[in-house]
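Chains as they are written, first to last, in the working numbering: chain A, 1 to 151; chain B, 1001 to 1101.
Keep in mind that the hints were calculated from the coordinates and are not lab data. Owing to the predicted nature of the structure, the values given are computational and were not obtained by experimental measurement. Treat each hint with caution, since some may be false.
Stated by the list, open to error - Reference excerpt, derived from the structure (chain B facing chain A, CB under 8 angstroms, subset only):
#, residue
1, Asn1059
2, Gln1061
3, Asp1067
4, Ile1070
5, Gln1073
6, Lys1074
7, Leu1077
8, Glu1080
9, Gln1086
10, Asn1094
Glycine included, every Cβ here is placed at the ideal spot set by N, Cα and C.
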Amino acid sequence: MSIFHGFNINASALTAQRLRMDVTSANIANAHTTRATINEDGTVEPYRRRMVVLQSNGNDFKNYLQRARFGTQQGNNGVRATRIIEDQEPFKPVYDPAHPDADETGYVYYPNVDPLKEMVDMVSATRSYEANVTALNASKDMLLKALEIGR
Amino acid sequence: MPNRIETVQPVNSLKEPAKANSKVQHESDISFANVLKSALNKVNEVELEADVKTELLANGQIDQLHDVMISAQKASLTVETAVQIQQKVIDTYNEIMRMQI
């Protein structure tokens, strides 16, 4: 239903921000994980920081075709998470020969997770979520105001 | 005497006079009773969706809490709209009943 268009757009954003929050939580939880992936040859690799790629719903093939043929835009312009990519920054080496995952030189490689960045991402996701809830409430208030027309 | 309230017809018939027969058929489809019925069905659908979401939440099968809240808000808004329309219809009916003949 098109009167709930705004609701659906904000709902997609809420879902996306929840996912960002989940990914940030996973990054923080695995900030010291030295065995995230185990290779076939038995070597272990530390956790890689993950990031969410968000994309607008309006720029898929169907929409471009619609725009080219009819000059109209179909579908909502919400947002969706298309991919979760891994941060390719190098791991942080720490000298600790007693650690079970230390290499021959005595270095342990820790994840490339920076708690500071994660905190910033977390606050950003929380604030975005709040903004979308506010926008949603505003749409609802608008519709309720519309019901008062002529009363 | 017209016994039903009909919505304004688009002027398609001017462009396609051959389709006059189907227009009559179309008019009976969009009688006031049918419009009301389909509108109420839609209201019911939205309500049912909110119910299903609430039940899923209670069962712990929902992973997006805001979906439940938004469905509930949609349902409440739809019902509110339906109530407002119903009041308008009843007001109109009363107005007509009060008419002096």
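Practice task
Would you pick out the hints that fail for this structure and give their numbers low to high?
Solution key: 1, 2, 9, 10
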